[in-house]
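Q: The primary structure of each chain is shown beneath.
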Amino acid sequence: MTTCAEDDLAASAARHSILHCVVLCLASTAATGAGLLLPAALGRALDLLLAHDPATRWVLYCAGLVLLLALLDACQTVLSGAVDARTTAWLRRRLTGHVLDVGPRAAARFGPGDLVARLVGNAAQAGTAPAARATLVAALAGPVGGVVALCLIDPWLAVVFLAGAPVLALLLRTLSRDTSQCVAHYQEVQGRIASALAEAVAGHRTVAAAGTTDRETARILRPLPELSRAGHRMWQVQGRAAGQAMAVAPLLQLAVVAVAGVLLTRHRLSVGEVLAAWRYAVLAAGVGVLVGQLAGLARARAAAGRLGEVLTEPAPAYGRRRLPPGPGRLELRGVTARRGGRTVLDGVDLVVPGGTTLAVVGRSGAGKSLLAAVAGRLADPDAGEVLLDGVPLPELTHDALRHAVGHAFERPSLLAGTVEDTIGFGLPSPSPARIREAARTARADDFVRRLPHGYATPCADAPRSGGESQRLGLARAFAHGGRLLILDDALSSLDTVTEAHITKALVTGGPGSTRLLIAHRAATAAKADAVAWLDGGRVRAVGPHQELCREAGYRAVFGELAPEAEEGAS
Amino acid sequence: MTGPAGGGTGAPAVGAEVPSAGAEGVSRLGVRFLRERWRVLVRLGGWSVLETGQTFLTGYAPARALDDGFLAGRPETGLAWLGVAGLGVVVGAYGTARVYAAVAALVEALRDRLVARVVSRGVREADRGALSGLTQQVEIARDTFAGLVMVSRSFLFTSVGALIGLFSLDPLLLLVVGPPLLAGVALFAATLRPLARRQEAFLVADEALADDLGTVCPGLRDITAAGAEQRTAADTGRRIDAELRTARSLAHWSVLRVVSLAVGGQLPIVLLLAAAPWLLAHGVTTGALVGALTYVTQSLLPALRNLVHGLGTSGSRLVVVLRRLVRGSPAGNGPEDHRAPSPAGRHEAGAQDAGRGTGPAVPPSPETDPGPDHTPCPAAAREADGRGREGAPVAGTTPSPRNPRHRSAPGPDSPAPRPAPKTSTDPADNAPVLSLCSVTFAYGPSAAPVIDGLDLTLPPGAHLAVVGPSGIGKSTLTALAAGLLEPRAGTVRVCGLPVAEAGTRRVLIPQEAYVFTGTLAENLGYLRPEPVPEAELLAAAETVGLAPLLETLGGPAGRVDPAALSAGERQLIALTRAFVSYAPLVLLDEATCHLDPAAEERAERAFAARPGGTLVVVAHRISSARRADRVLVMDGHRTAYGTHDRLLRDSALYRDLVGGWAPVPSGRSEPALALRDADRVDTVAGPGLAGDGRHVVAHRPVGQVQAPGDLRDGGPLGGQG
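These protein sequence lines are chains A and B, in that order. For the first sequence, this note's numbering assigns the number 12 to the initial residue and increments by one for each residue that follows. For the second sequence, this note's numbering assigns the number 45 to the initial residue and increments by one for each residue that follows.
For reference, chain B alone in the conformation it holds in the complex (with noise of 0.2 Å):
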């Protein structure tokens, strides 16, 4: 399953953990999980008395036969005990019946713990491993369990059939059986661990070559590409060649199984022989004689068989399972091998390891870099006293005094003001929906940050729009507004909270849909904690633009079958749901690139004429932009920030951006700056010209926020903090 460890700091290896410290985690959690099942255990235990009772009948009731019957000159008297062993036989069998019941309240409460543990874990971490967690490792669990308890009560309870068997016909018989049955038995548990760890050894080999074919098969074109299949075929066989050891190493070893069998099971044989005469001048009849050969080959060398091969496998496969499915307990830390499909949502581990309070790569410098605790944030608080009136823009704002770079006045483009947002109650209603000061973040201590020193504000009723190349940060930056991520340094408030606190404040549609399999009420209403009227799902559906599909899967109440969606019609839901939420902050990241621009437009412009609403969107599309009040263009290094015309007109990426989808149609209009300010963000992008140096601002290379003073709720927005 999930490969080896590696993100954040220096985690070990999955297939390096110390084993002795696991194993000792796993013995401790088995011994409290039988613990609480004592009654069960004494349930299985008084249904496998009844096997005791057949065992005891198998060489006893044949040894009577033959000394009081057969011997004896009185058949009916024989086949009178024999028909007692055969009854023996059957009610054994009704306990073995029993037994499975018994065991299968053990097995399936195992089983139920570890999928309820896979599950939350999966859901937790977003680990696609956790797939083949639930579907096979649980399984192997389940049957490696059953098989050893099975194996190990059977043994138990014959062997002590077969002692009281062999008391009863005679105590001498126990002596000359017992010693060696006893030193098989230790043997066994001596040899127990060494050849545990042979077989996780193989076990392990063998999964890493699982793993390594799960690689090269899918990329056979690649290789074939790359002249590669020497290398590749080398590496693979060294791979088989140390599974091949460890499974010899194993064959080898299983030699100790052979060795015990022999002594505590085949040895008693020869000695019941060769102690005949001293028994039978002791007293010991022919029956017994014969009962007790009974009860050494026919329930003793079976049974310890049975444990010896079932023990030895079983246990420690089983110890190996459990320890890979109680990893992510709430204890130990998560595993930084997410498989999650978005970029942003893979790297919380490694996230956490540069959380707060670690270095920053950036020189730390007390003006421009303000610790993660050096709260209020400027900008912040600029904006909120600036903006007096609810909801009000602000013009004409001044500029920061720190921030001379700004330009001030507004500009001829402004957009027209929008329609103020509808009252809301919310108690933080006059704190800046969304709020980012000084933030950085990057995905690992040595890594170059992905977003570095980013001031942002945005009031309540906002609309802005992120632009820039693919992998530039966008979806990190989505998720920090989230909560998802943590940066490394900065603050990020919603609504005035911290960010952690305000998870009903905003939603974040991501690209990938999430629809699950339900009705399509519950689907709509899941951001809300009581069930959504009826009346507003269908209108929200009409705003924007789900009606038609409703209409086809019968209405709200209508069963959601998501593979049998289109992706589109997935995102429609998803944007429907957020829509119906109570959440003031709407972050949508590329949440409707499978939509075709008319839908596009549609579910954007609902959203931003949502009363009260707040609308962050990473744009797929120009068009997207362009509906947009205000402009963030990411570019790795700077970040430009402005209406559309503003950064046709003033950022050569955006304009690159924007010509790759249209001919530039408002800033040709304009006239060009003939030249730009020194101090303004340049963010030509050419080959080379990333990280040469040639920043505008030497000491603050990234993420400076350009602010034109256009906009209608002007300065606050940028600034340097």
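Isolated chain A (complex conformation) (with noise of 0.2 Å):
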């Protein structure tokens, strides 16, 4: 399944550039073929100059062969790099387009950063799959026409370079079993470093309040000795490496020199013939190059797999409908949902009726969360269906679906650029009146009027607590607006006050929308017009708060044993 994705991904990817593949095939091949020419026509050359006879025709070809060279490496050089770019930008377009469509679902199997990985990197290394595979058969060509052509202008000269082969190998590799202990050394002594560091700006506030910062940096720096030394050790053993394999190649090329310098001695050769001969030793040499280029292409192709993975997720489908006019009734039957083998929602029947509050509460690992994201259409059931005004929801539009249900969650991620930008995301044309207007109610104004450049200040330069966050998040679900409005614990970093005056809004906010509420406190479930009370993936109770209360286990869900405990003022 995977290889299947993985090759159409890879197949596609050289089909988007297919003409400048060809062309570079042909050129690479082409300047593979004059560079094996080249020798031989320049010992040609050279023996009809030595020999005083007419030369002009030969020189020429040279002059023409080295033209022609010089102009396919050009070419080559625009192509592979031009290949590279375009493959790799397909790619990423690609999958950006799939990974957006696949929504939260792909964040939750690969996980954020591994997202970015697959996207930044593994593109990039991908993409130089399609320019390394037309250049293939060039840089095949060189070392086997090297060889070969050894072997024409004497088969010993071929016996040599290939019995000195296998030591160059044998060299090579105990190079990289050296140096990779090394390395592993010196990441670690630099990940104490580092982490030595993470702890420090983590603990900023109190470094810099008890002023000890030049302290801090003297203990965190204290391993850079032993860095030092690991790195040079690295340097050592690389420079060891470097200086056998350096050694290796121009010795086996000057066996085959002075193989071709005895021949010569018995007229089997001529000048221009050891000179060429000694080129394409060099030339056969080049299979270094060529090990490298195939490893390039392992890793490319590795990458095309881990791209692969990703378009194996499936994006969920949209269907054709509009919503009918309607106050935003919620229905829930039967939904069950699992995720990693466990049955996180186990046959949920729910109604939240029109213009009502419901809230949603329940142990954590009750499936609340997961509930949330299935009202919302953000994680479809494994079995039953959910139903928005008597529609379905899979069977709506994308935009129908998104523009009645919006969503504030426990740690929002803020995305556009300014405050303004990211209370109105998603929005076509937010009015500045609409987005201050949303925050109020959100209770963020105040701090956004205190922030360096007011709505205008870029989110990465807001300074922002927990509870600031949600107040944005907050903000942006109330500016979306919608029939339907879904809060996934997205109160629970705010103090009680704060808390209160939310509830407050939302709960009387009119009967233009249904509200569905995680909840973890007593006094928000307390303010909604029904409770479900969510246990081990099925619905215990639905009911008020007041009732509900008088049971013991639903107590117990708030943790609400002395009011001492309870969290407290900020």
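No wet-lab data here; the hints were simulated from the structure. Incorrect hints may have been included.
Said to hold, decoys possible - Listed next, with one range per pair, are the computed distances between beta-carbon atoms:
1. A:H278 / B:L131: 27 to 37 Å
2. B:V86 / A:G303: 27 to 37 Å
3. A:E396 / B:H296: 52 to 62 Å
4. B:A611 / A:P443: 49 to 59 Å
5. B:A278 / A:L163: 55 to 65 Å
6. A:D64 / B:S196: 28 to 38 Å
7. B:R157 / A:L163: 55 to 65 Å
Bear in mind the structure is a predicted one, so any value in this text is a computation, not a measurement. The beta carbon of each residue, even a glycine, is placed where N, CA and C say it ideally should be.
Assemble the dimeric complex from its two separately framed chains, guided by the hints.
A: This is how it looks when you write it as structure tokens:
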């Protein structure tokens, strides 16, 4: 399955620049051909020149070959650069589009950091595959052609070269084994410095307040001499390896020249042929380049495989229906959802009448967040269906669904540039008034105006505590509007006073919308029209908070024992 | 790594930094760096000479092998010459190995310096970007710098070897090979700058794309929820296209490299052939001609190719990376992009921009808004005068004449006076431990103030709890008191000293406790100049409640791994550290939020009973406020100040806050004031009330401090300055 997708992906990527690839393949092969012809022509011209025979034709051949090589080289440089860039961009566009279509499932399956790594690093690696494949013939032809040419000049030359080659391979292998060990040590020391720095950055306020910045810096840098030693050791090992590697190929070539020289004294070769033999030995030793290119191709293939995995995650399909006019009645019928082999929601039936507020409570792990996701079709249930004003959610068009349902989260991602853009995220052309109104309702207006540039402050620069992020996320949901508003634990980091105000504004928010609140606090649940008590993936009871409160098990959901134990003012 | 700057006043975005200026700065630093290490350069040159020798033999030995050996019918002489060449290869390889060691001396020195710089900047500015700087950018700099040194050095010594070789074979050969080689190098040098610009544009576009994806991928859920898939795809698509354009342009410009290679490396081959009849006629031998061709194809062409490819890419990469790393040099301004975990710690830069002397957002009035240099704060002065004897509460304080709104009589619910703090030998002893005088603070010049005209005075031994809704500025207050932030107007004094000079007299424990990898004793003695005696540590641990953890970790000498501790355990360590410090003023900014109520109480009581200690607690639970002998309620526009019981009666917000935790216990029994005094700060909070202008004190809307006279040390606490 995966290989299939990966091959598909590789094939489509290559098809995207097929013309480029064909030209590149031809150009590189031609360049290798010219490169293989040049030593022979050079040798022939030299022989004629030494014999004082007319050699203009051959000198011109050589000049032509050199010119052709330069042209082909230029062509190859531009083409392979262009193909790499085109393919990478194509892959990235394809993948981002797909990832966005898949939505939260993609982040859940791969993890956001890994997704970024795939879209940035792996796409760039996989992007080199078409060009590398197109030039593979040429890369293979060089060393093979070199050996064949040696053989044509004199079989002995090829024999000497081939006999020496294994030594070369053996030495190259010791190199890679040696370095990895000191690299590991270096990275380990570096990791120690990095983690000490991470600790200090996290403890920035303590350090700054204590005025111990310099002392901290010195303490973190204590392993630096060790890092330096490890670094020196790395270069030492690498230097030894490089020395070996640098000696092997020239010695091999000298061996070929020595044999050629002996053959010259026996008049079996000309001076030109000796020169040619030397060049061919160099070309044949270029097998290292081929190995490198093959390894690169393998890496590119592996990277394409990781991209293919992302593509196998199916994107949810949207329907073609629009919402009929309605109050926003939400209905869950036999909703079952599994995550990682565990049934998180188990046949949930729930109705939220239009215009009312339903609070969903339950211990952590009861499936509340998944219920919120399913209710707004951020996830699809494995069985059962969710209806909004009588229409199953999957039958709705993308726009009809997303316009009708607004979400606020416990930890919102604030995406767009400024605070203003963030609150108006997803709206076609939000008016400043609407955004400020939403911010006021979410009680975010006050702290936003205290930011360095108010609403125009870039989000990345806005100092945000968890509570402030939540309020921006709420403001975004309020600005979004729609007939169903889902708050997934979106009040958890607020102080009790602020939460009370927002809940009040929500519950009395008018008949325009239906609210689904995932709540942790009893006070929030108490303000809702009804409470659904979720336990082990099933709805244990639905009713007003006061009624449910008679059950000890329900009260235990809030962990409400000593009032003091409850979360405090900030 | 770090995103675009933007806080403060119109700092240019990082990406838009003027490249040439940065490059010059980097190159100046580079020259200085190399000059300081001339010995290493000499060593590097010394070992590289072996490579020159090898290159020399590459052409010279075969030439002699042909002329004197194989062509003269003496194959043994030929083989001997080739043997010499082989020996040259081995010696050259040895030289290469030693060259690496010399390069290491350069590269590792640079790496050391960059690491030190990144770490010191990271610690100073709490820049999380420093981490990627440390693990990635420094490594890129290290690798590219090494590559650069190797490549340019190799080109230099190889071409010298080849040119000497050509000259010794026959000076005429130099005449043929030299000019095109020079032309090729010159062409390359001329294209270096435009190429580097393309390379840099590509790197910048690539980074912008990575940053963009770095926000999109973690935000997929929110994008789907907002239905903004298409828009986001279009946005990201634009970045992908931008990167594609720069990559293409880079590929096109790379043709220049091919051209300089062709001119410098390939053209001499043709010229040698074309000139061969003339050369041979002028006494150039067969071997010399072959040797010359060998020099060109085996030495010069590869060296030039490495130079052209290596210098073109690594060079600009190195400059880009170095510029990023050097950015925070002491001369330059710190970047605005702080990602410190606490809101208060993040905007020093912005705060400094808005610093002293800039026009405050509040309409200044000579009477109510003393300038920053308008020192002796009336409240502080009164406090100092009125208190008279050390630490003894002054009952029945005179109300400030300038503050007729203050309640003057001590209330019936005045708390029992705490035992007087133990004698302190502090010279600044008779000054209040903390005094804020008309302190105003905002995060930017155009931002609404977080704290406005706040007056607050704490005598030694006081125990203040600060409460208020989240994000209201409680942490900002502690940051001001700790000198982490500078007020826009007003003064902050600790023990009578300006806060900046009182570093050893206060300790701030923030919510995110700082515990570092090391021994427990190191962690606990962090704020003490000398090692703390073990007995004292054990006693402190016992008092604060750290003893069980201390035992688990194996005593003060036990190793601490912060990641293996719970948040509460880390807080206990930070609290004990503050406890053993000499600082008279302890600021706990939700420093106990991960402790259970009993542990919290124990810790707070330990601090309250600390000899000579004054305590400010940003309360996480209302119980913290109950334990304190005075409470400051912050509500953005107003503040209220008094004892727990009095505030219950007088402050609606405080009642609200308390109501969130517990039924109002004592406040209910108190006869509620039927009518609030018209001049009393009314903290009824409600939607739309904020900023609606119904402030009690119209000309001074914010920072009113309500000072009930029932606190033992009375009136000086409040006032309008």
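Q: Each hint needs a verdict: does it hold in this structure or not?
A: To see whether the hints hold, each was checked on the structure:
At roughly 28 Å, the beta-carbon separation of A:H278 and B:L131 lies within the given 27 to 37 Å, and the hint holds. Look at B:V86 against A:G303: about 35 Å separates their beta carbons, and that is inside 27 to 37 Å. Range check, A:E396 to B:H296: about 55 Å between beta-carbon atoms, so the 52 to 62 Å window is met. Taking the beta carbon of each, B:A611 and A:P443 are about 40 Å apart, not inside 49 to 59 Å as hinted.
Hint check: B:A278 to A:L163, Cβ distance near 59 Å, so the stated range 55 to 65 Å holds. Range check, A:D64 to B:S196: Cβ separation about 43 Å, and the 28 to 38 Å hint is violated. The beta-carbon spacing between B:R157 and A:L163, approximately 56 Å, falls within the hinted interval of 55 to 65 Å.
The structure fails to meet hints 4 and 6 from the earlier list, while all remaining hints are met.
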